[in-house]
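Participant: Sequence:
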Amino acid sequence: MDLFEYQGKDFFARYGVPTSTGVLVRDPEAAVEAAREVGFPAVVKAQVQVGGRGKAGGVKLVRDEAEALEVATAILGMDIKGHTVHKVWVEHASDIAREYYVSFTLDRGVKQYLCLLSSEGGVEIEEVAKTNPDAIARVHIDPLEGFTETEAAQLVASAGIEEVSRVGVAKVLLQLYQAFVEGDADLVEVNPLIVKTDGNVHALDAKVTLDDSAGYRHPEWEAYRADMELDGREALARSKGLNYIGLDGTVGIIANGAGLAMATLDVVSQAGGRAANFLDLGGGAGADAMANALEVINTDEKVQAVFVNIFGGITRCDEVAKGIQEALERVELSFPMVIRLDGTNAREGHDILRGLLSDKIRVEETMVGAAKTAVELAKKGER
Numbered sequence: 001m002d003l004f005e006y007q008g009k010d011f012f013a014r015y016g017v018p019t020s021t022g023v024l025v026r027d028p029e030a031a032v033e034a035a036r037e038v039g040f041p042a043v044v045k046a047q048v049q050v051g052g053r054g055k056a057g058g059v060k061l062v063r064d065e066a067e068a069l070e071v072a073t074a075i076l077g078m079d080i081k082g083h084t085v086h087k088v089w090v091e092h093a094s095d096i097a098r099e100y101y102v103s104f105t106l107d108r109g110v111k112q113y114l115c116l117l118s119s120e121g122g123v124e125i126e127e128v129a130k131t132n133p134d135a136i137a138r139v140h141i142d143p144l145e146g147f148t149e150t151e152a153a154q155l156v157a158s159a160g161i162e163e164v165s166r167v168g169v170a171k172v173l174l175q176l177y178q179a180f181v182e183g184d185a186d187l188v189e190v191n192p193l194i195v196k197t198d199g200n201v202h203a204l205d206a207k208v209t210l211d212d213s214a215g216y217r218h219p220e221w222e223a224y225r226a227d228m229e230l231d232g233r234e235a236l237a238r239s240k241g242l243n244y245i246g247l248d249g250t251v252g253i254i255a256n257g258a259g260l261a262m263a264t265l266d267v268v269s270q271a272g273g274r275a276a277n278f279l280d281l282g283g284g285a286g287a288d289a290m291a292n293a294l295e296v297i298n299t300d301e302k303v304q305a306v307f308v309n310i311f312g313g314i315t316r317c318d319e320v321a322k323g324i325q326e327a328l329e330r331v332e333l334s335f336p337m338v339i340r341l342d343g344t345n346a347r348e349g350h351d352i353l354r355g356l357l358s359d360k361i362r363v364e365e366t367m368v369g370a371a372k373t374a375v376e377l378a379k380k381g382e383r
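Take the sequence shown: its position 301, counting from 1, is numbered 301 in UniProt numbering, and each next residue is one higher.
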């Protein structure tokens, strides 16, 4: 679950991380009142779950009420990388002396946590990695041993943080690590982490992704979920218990397993197409799950073809094929469908699917072949 900035700051505050207090509003007039409350100069910040807000004009400094009204009116309703701004966060402008970058995440390759720290904050970390990779210090953290004060101090020094700020930055790193681990987060990122003119270290931004599988331990997350903004596709998918994320391509994706779904997105991209969604059926791919998946994808007007990619392990391919057969009796497709089955009882599954073949329903032996066919069909539909 990706949090909005204001939710991320609330999450940080639970672990003592210093952040800016502010006011969340949904209309320009309320933004003026909020700016008056926090004090001028203030900053009006678009609340969207995507980076690049500043470059898009979604973060603006305002010095008086007239400017606050003008800026809030411009930002509310703005489109930022496909996300419409429905609310803004208004906080008092910070007096910034220096800007840094810090993040904690999981490095799955080495099965350890990873902390990145850079003395060049306030810009996209990808740009820093390209132009000045030496400006990024990193340390792997053994989850069983944790992140110590000594390691934090060493990391701060190796990142080239000014000596006068090192103690304060190290302290915040330890607080962020606590938030990351105890808060069951997949990612915590602050860009920028600032040193104010009074010397205090402060999280000016908050990007947080929580691990949904740990939600049972955190009843307080329900408040975050209640304020999530889902498009129609995602709301329908959630109501049907599907693991779905809407994207902006034309090839619908249905796969069983998160890893296979991610690989499917990659192979569609390699074939020259763009995925319209991520949809993981999980372990089951029966008629109900398949019908629900097709119903959700049917609501996406951008979809021109769908790629069903199933690998049978415990789930048998003949059972999946029966599920697809039953689902197609319940859902009228608005697009052609390409199916790839492999794994347990794949031959029996293909025998069942053979009776479904038509101009609208095709079966491919390989994932690459199926991706290419789906992309070709999607491009024909776009013409």
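Do not rely on the hints blindly, as some may be mistaken.
[Stated by the list, open to error] No farther apart than 27 Å at their CA atoms in a straight line, the calculated lysine-lysine pairs in the DSS-like style are these:
#	residue 1	residue 2
1	K380	K130
2	K171	K196
3	K87	K130
4	K81	K60
5	K360	K372
6	K240	K55
7	K240	K130
8	K360	K379
9	K111	K87
10	K196	K111
11	K111	K171
12	K207	K55
13	K81	K360
14	K60	K111
15	K81	K111
16	K171	K240
17	K196	K81
18	K196	K207
19	K302	K81
Hints are computed from structural coordinates only; laboratory data are not their basis.
Participant: Against each hint, give a clear statement of whether it holds in the structure.
Facilitator: Against the structure, the hints:
At most 27 Å may separate the alpha-carbon atoms for a hinted pair to count; K380 and K130 exceed this at roughly 38 Å. Restraint check: the Cα-Cα separation between K171 and K196 comes to about 15 Å, which is no more than 27 Å; the hinted pair holds. For the proposed pair K87 and K130, the alpha carbon gap of about 33 Å is over 27 Å, so the pair is violated. A C-alpha spacing of about 18 Å is found between K81 and K60, which places the hinted pair at or below 27 Å, so the restraint holds.
Under the criterion of a C-alpha separation no larger than 27 Å, the hint pairing K360 with K372 is consistent with the structure, at around 15 Å. Under the criterion of a C-alpha separation no larger than 27 Å, the hint pairing K240 with K55 is inconsistent with the structure, at around 37 Å. This hinted pair does not check out: K240 and K130 have alpha carbons roughly 42 Å apart, beyond 27 Å. Of the pairs offered as hints, the one joining K360 and K379 holds, with about 14 Å between alpha carbons and a cut-off of 27 Å not exceeded.
Between K111 and K87 the alpha-carbon distance is near 38 Å, which puts this suggested pair outside the 27 Å criterion. For a cut-off of 27 Å, the pair hint linking K196 to K111 is broken: about 35 Å separates their Cα positions. As the CA atoms of K111 and K171 are separated by approximately 25 Å, the hinted pair is consistent with the 27 Å bound. Taking the CA atoms of K207 and K55, the gap is about 17 Å. The hint holds against a cut of 27 Å.
A hinted pair counts as satisfied when its Cα atoms are at most 27 Å apart, and K81 with K360 does not qualify at roughly 33 Å. For the proposed pair K60 and K111, the alpha carbon gap of about 40 Å is over 27 Å, so the pair is violated. Among the hinted pairs, K81 with K111 is inconsistent with the structure: their alpha-carbon atoms are about 32 Å apart, more than 27 Å. Pair hint K171 plus K240 does not hold up; C-alpha atoms about 44 Å apart against a cutoff of 27 Å.
Our distance criterion of 27 Å between C-alpha atoms is broken by K196 and K81, whose separation comes to about 31 Å. Distance check on the hinted pair: K196 and K207 sit about 20 Å apart at the alpha-carbon level, within 27 Å; holds. Restraint check for K302 and K81: satisfied, since their Cα atoms lie roughly 17 Å apart, inside the 27 Å limit.
In summary, the structure is inconsistent with hints 1, 3, 6, 7, 9, 10, 13, 14, 15, 16, 17 from the numbered list given earlier, while agreeing with the others.
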